[in-house]
Each structure stands twice: as structure tokens, then as C-alpha cells.
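Participant: Following the hints, put chain L in place on chain B, whose structure we already have.
Quick note, the sequences are listed as chains B and L, same order.
Numbered by full-length UniProt numbering, the letters in the first sequence go through residues 1 to 398 in order.
Numbered by full-length UniProt numbering, the letters in the second sequence go through residues 1 to 398 in order.
Simulated from the structure, these hints should not be mistaken for lab results.
Being a predicted model, the structure only gives us computed values, none of them experimental.
Honestly, I wouldn't trust all of these hints.
Said to hold, decoys possible - Some but not every residue of chain L turned toward chain B, in silico, with C-beta under 10 Å: (1) Val119; (2) Gln231; (3) Leu354; (4) Val362.
To be verified - Just so you have them, the derived chain L footprint on chain B, three or more residues with Cβ under 8 Å: (5) 29-41; (6) 61-74; (7) 218-226; (8) 348-362.
Beta carbons are placed, not taken as given, at the ideal position from N, Cα and C, and that holds for glycine.
Protein chains: 2
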Amino acid sequence: MSDADRSFGGASTGAGEIFQLLLDGHARTKADLVHLTGLARSTVSSRVDALLASGLVIPAGEAASTGGRPPSRVAFNPRAGLVLAVDLGASHATVAVSDLGGRILASITHALDIASGPVAVLDRVVAEGRTLLDDATLRAIPIVGVGIGVPGPVEHSSGRPYNPPIMPGWDRFDIPAYVQQTFDVPVLVDNDVNVLALGEQTASFPETTDLIFVKVATGIGAGIIAGGTLQRGAQGSAGDMGHVRVPHSPDSPRANDEDRDLEDLASGSAIAATLRAQGADAETSNDVVELVRSGNPAAIEALRQAGRDVGEVLATVVNLLNPSVIVLGGSIARAGEHLLAGVREVVYRRSIPLATQHLAIVQSPTGERAAVLGAAVLVAREVLSPANVDARVAAAAR
Amino acid sequence: MSDADRSFGGASTGAGEIFQLLLDGHARTKADLVHLTGLARSTVSSRVDALLASGLVIPAGEAASTGGRPPSRVAFNPRAGLVLAVDLGASHATVAVSDLGGRILASITHALDIASGPVAVLDRVVAEGRTLLDDATLRAIPIVGVGIGVPGPVEHSSGRPYNPPIMPGWDRFDIPAYVQQTFDVPVLVDNDVNVLALGEQTASFPETTDLIFVKVATGIGAGIIAGGTLQRGAQGSAGDMGHVRVPHSPDSPRANDEDRDLEDLASGSAIAATLRAQGADAETSNDVVELVRSGNPAAIEALRQAGRDVGEVLATVVNLLNPSVIVLGGSIARAGEHLLAGVREVVYRRSIPLATQHLAIVQSPTGERAAVLGAAVLVAREVLSPANVDARVAAAAR
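If we strip away everything but chain B, and leave its shape as in the complex, we get:
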């Protein structure tokens, strides 16, 4: 046999495939599973027993009897393991513990400066993870993985940030190796907008296969789900909207300016700079949000113009990828409807009708918790993949 053949595994595998059928949360009998898979009854029986031994599956009562002893049911056990889910922003962190079903069981959120560097930030995050896990109801459950979203480009295969513009000291830092000094489990690192896209899809758009999540905050980035799959691209840098050049619009107040990167026009930092140039007291994204919430007309107009600029790039995204949902998140998007209004104004005018007739452009319905949810889902999908379930079952049998 060739090596390619071997990668399918031998006759000992297969529990992982049966397990996938239980991920919808429904309890099933062995007879149900024989019917669903077409596998031999003896095969199903031994695999279910192995899944029960691994703890990934638990007894779930009895089905209605059709005469004789009622058959017992089994179900996915989301409490078979815990995930530590971490959302690192430019100026905040959330550390959460979830079960394998993506349910958040506990979390901590606080201000944090990402520029204090990887050792200081990760030491704090790891300590908070330990604190959350040191809980009477959680202590007995093993931690099976750590998911971390960071505010910059990441080489997903290695978990290292790659030239991250707002994360000084983090370039090529081996986040998984550092975290594994404390938690010796798989550590998956991804761009914050990728985990936001996954979390938003999971929580609010589970039927949507083509979704773009755009985060407008201190910086700007996008998470792209196309054909049902999060798209990272060949090196993991997909979704870098912030460095897309924005064509200047003839009806824009900046009509005579040069084209510029989107992040230089529409990010929280850029809007603050625009408002400062007009005499307002705005240093940060948060200052912009405060001014908008206080009803400052210049800030409101700046936000709407930022929305138009984001819309110019999204019109291109819509023509290229034809999503059915665009979700706007991040602190600037959440500062009211102004950014959204500007985006809609441009996208519906510029994109082709076939691509926009069923397109929804919405503010994030899930909000900030989408990030830790997405980080948890990222890890749960990996840990519960057929191959990894097979490996866990084999380990439990030894």
C-alpha cells in the first residue's frame, strides 16, 4: 500500500466518524447508529463502547421499548473537556472557560495593553486561566485545548504573530510553546477577526455559509467565511482589509486626496486624527466613541464618512465573494448606526444587483462575546475532528 493509503488509518479507526453523528446533540441508540452509518452492528457496538470509555460519549437514558428490554441511548458529552478561550485586543483581554459544546462557563474581562509584550500578557492570561479552572465544579474536568485570538496577522500553522503592526514585541513569538509550559495541550492562535467571524456565525448565523465579519476599532480587519469554511489563505494572512487602498470617491469631502489605505482613513485612530485636525479633543478610538455618543455633529459625520470608506472596500468584497451576510463589529461600529449607514449607502450603490439583492449588512448581534466563543469553537472543532477523536479513543483503550 502507498503512504497515501495509510493516511486513511487502519481498521482500528472509525470511532471519530460515528462521533460526528452525535455532535448535533441528539441522543441515539446503537441501532440508530447502525442505520445511519451502514456499519456492522458489532462494529458500531465496539466503537460506541470505546467512545464511552473515552468519556466523549455518555449514557443518555433509554429509548421507547418496542418489546423486551428498552435499548439504551448515548449522547455527546460536552463536559468531557474544557477549553480555555482567550480574546486579546489592543487594550483589553477576555479569558474564558468553555465546554466542548462552546458554552461559556466562566470569564474574566479587563483592560490590558497588548504592547506590554507577550511574556507579561501571556503570564497574566495563564494565571487567570488557572484561577477560572480552579473551581469546584470544573476542577475534575481536563482542559483539552487553548484558543487565542490576537489583534494582528498570525501564521496559523505555527501560532506565531507575523509583523503585527500594533503588537510590539510579539513578532514571530511562539505563543503555543509559551502557553504549553503551563497547559500542555494544543494551543491554537488566530487573528481576532477570524475568531470573531467564527463566533458570530456560531451564535447568530448558523445556516450562513458566506459571511464577512469586519472589525472597525483601533485598526480594521476582516474574517472571511466562504463556502462554509473560515478562509485563512495560503499563509494565513487572508482578511487584511486594513491595508486595502481605498479609491477616493468623487462625492467624498476628500475628493482631491490621494488614495490611502483603509486603516489610514476609517480606523478609530484615523477618525480621532481627523477630529483633532478640526479642533476636537480626541486621542483614541474611545474618545471618538464618547464624542459620537454625546451627539457631536462632527464626530457623527466622521463616522458616517468612515462607513462610506469601509463601504468602498466592501463593495469590492461583495463583487469578489458574494456573501449573504456582512457583520460590522468593533468599538467604532458599536458607537451607533452611523458607520453602518455609511457602509450601506456605498455598498448598495456600487455592487452588482445579483450580489446585493439578498445581502444583509448588520451590526454584530453577538457583540464582544463572539471573540471568546469563536476561540472556543476553533479549538472544539479541532479537538473533536474524526482523527483526533480516534486518537483519544485509542489512548483511552491503552
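Facilitator: For chain L alone, coordinates are given in the frame of chain B:
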């Protein structure tokens, strides 16, 4: 059981999954398949027998004996069915017959005006298909599907063109229903650049999961393969690069122009118009190609500038999708290295380093045959999907 459960099918299914293991072209024994799948020997045996009865699988000699009667091998039979693969351009058509392995067995290419409308064009295509199929070596093999690439947006689910700009008379025409009056088999219709992307990937970049095919001819469009999958988007209009607005470049000869759609700047028609305005005799894309090949300096510079304009949009595509290969095809791209040089000049300057360090930008290595190859692969993948193989096996058993 719920309806969701039923979609997995009953115990009669599963031949299709075994069949997928044979699609790599290697012959295997029943024992190999038991080992690869973990299924019971009796299950594998009955499914292989059903696949043999359906004709999709054929005996393929004997494996080396380990004592006793040598076990017989089976293999995928690409001659179990034929695909009619059609490539319709603005001004040409290619009609080909392929086997289920995507091997082109016969083809016809000729000039044809897409604007003569669907009935005239499809009548001719169907007649040519009949002629190709009426061959002594092919007559006995059933036709199992028709794949058609057309030069405009298509609603892939229905096979209807949707507001196609250069296909007068084709808007919402039911191509599958019309073709099925002659060939009563599945008819899949897709945008020409989608089939070109599939064909190019199959022929030249089989290991590449993130590939963008850009066609620059009378019009401009892109086929997007991301995460290994052709991305059509929610309504099938993904890849519409022609209607993306191009930011004007400060170093462009058009520095004071308004931003315009890419197709209005860099398509064959647009380049011809530019050259006409300079006094050259150029009406069509072909005239442009002729001028470039004759060494006309204005035409060469116009092509290089068109490449820069295409590059402006591709720089955005690279930031958004991080492909590892960009393939340039179509008559304008094939008129020499000038378009390619312009594209490279801009993309490598504008895109982020992580996205370009392993990026190849190449002229189509496969050329015009990529279109019919892609149309054939589109149909073969559909016909040979697990569910469709199961259905065919069940029909053969009745």
C-alpha cells in the same frame, strides 16, 4: 428519527464512500478496502459487487498472491460514462467529449457569436455534441452529464445567466432545460472563469488550495478557489472583478481621471478604445492582440498599463484572500508578457509581505483547453459524488 437523520440515508448507502477511495486511479483488492474503511468484509464485498454491476468499477487484474488463489483487484472505470463539455466565449465555442477522469477524447472549436442568442448557439452546440458522440469508439458509452461555461454571471443552482452584459437574449434563459430536450442528463452551467479556474487547478496546480484565475479578454472576470473549493458565493456571482472600481494611481497616466470599473479600463474593448483615441486602428480585443504582436509601442504600453490596473484590484484580492497562485488567462493576457509585467509591478509593491512572499503570478500554463477541462471536471465531480454514486448503484440493482 428526525428528517436530518434521514438525510444520511439508510443501510443501503455507502457504496459511494468506498468509491471515493478508488478515484485516485489505484487498483485495490477487497481486503485493501476493508483495511482502509474499517467496514465489515461482508459489507465491502456487497458494495464492491454493486459498484461492479453499475459499471463505475471494473476488474483490474490480480494482486500478488500470499498463498492460495490470488485476490482480484478493482479500479475506477473512467469510461463508465462520457461528459459533454462546452466552453462558450464571446466569439468562439469549444465542444468536447471527456471521460469521467477528465480526459478530453474529442473536441471541435470554431468562431461563434454569443449574441446570436441561446437557441441558435445551443442548437449548434448540441448538434456538434451529437456528431462527436456518434463515433465508433464512443457510441456504446452513456453520456452522464453536460457542463457548460458561459461568458457572464450565472445562477449556478438554476443554470440561468443573470443580467449577462455581453450575452444579449440569454438573461434568465433556462439553459439546462433546453439542453435536456436532447441530452436528458444533469446539465451544469457556470461562469467561464469558474470553469477555467477548475481546469487550471486540475491540469497545472493540483496541490494548490488557494488559486485565483483572472481572465482578461473582451471582458474581465475571476474564478476563486479558496480552501480547495471553488467559491461561487451566496448567489453564484463571486469573482466579478470587472465591476470592481479601480483606485487611480498617482503615478498613472490617468492620474486626474475619476475612478472607474476595471472592465472600463483594462478589458480588450477598453484598450482598443484607448488606442483608437490615439489614432490607431483597433476595434476589438483581437485588433489589440495583433498590434501588440506587431510590436506597436502604444499598444504595448497600453497593455502594461492595463496590467497595472488589473494589479491594483489584485493587490486587494491578495490582501483579502492570500492566494498562493494567480493565473492570468484570456486573449489579452496571452498577447505577451506585458500585461503580466504590469500586474507584478503593482501587486508586489502594494500587497503585504506575508501575502506575497510565496505568491506566484503566472500566465495560464494550460491555455484555452482549461475551459473544457474545467467544465468536464465540474460535471465529473458532481456525477461521482458519494450521493450520486449511491443513486446510480441503487438504479443498477433494480
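Participant: Taking 10 Å as the limit, does the beta-carbon of L:Val119 come near enough to a beta-carbon in chain B?
Facilitator: violated (24 Å)
Participant: Against chain B, run the beta carbon of L:Gln231 and see if the smallest gap drops under 10 Å.
Facilitator: holds (5 Å)
Participant: Taking 8 Å as the C-beta cutoff, is the stated coverage of the stretch 218-226 of chain B by chain L satisfied by three or more residues?
Facilitator: With 3 residues in contact (Cβ-Cβ under 8 Å with chain L), the coverage given for the stretch 218-226 of chain B holds.
Participant: Mind checking, does the stretch 348-362 of chain B have 3 or more residues with a CB under 8 Å from chain L?
Facilitator: Satisfied; 9 residues make the cut.
Participant: Would you check whether L:Val362 satisfies its interface hint, that is, whether its CB is within less than 10 Å of any CB in chain B?
Facilitator: Violated, about 15 Å.
Participant: Counting residues of the stretch 61-74 of chain B whose CB is closer than 8 Å to a CB in chain L, do you get three or more?
Facilitator: Not satisfied, violated; 0 residues make the cut.
Participant: So, L:Leu354 near chain B? Judge it on the closest CB pair being under 10 Å.
Facilitator: holds (4 Å)
Participant: So is the stretch 29-41 of chain B in contact with chain L by the C-beta rule, three or more residues under 8 Å, or is the coverage claim wrong?
Facilitator: As far as the stretch 29-41 of chain B goes, the hint holds, because 8 residues have Cβ atoms under 8 Å from chain L.
Checked against the numbered hints above, the structure violates hints 1, 4 and 6; every other hint is satisfied.
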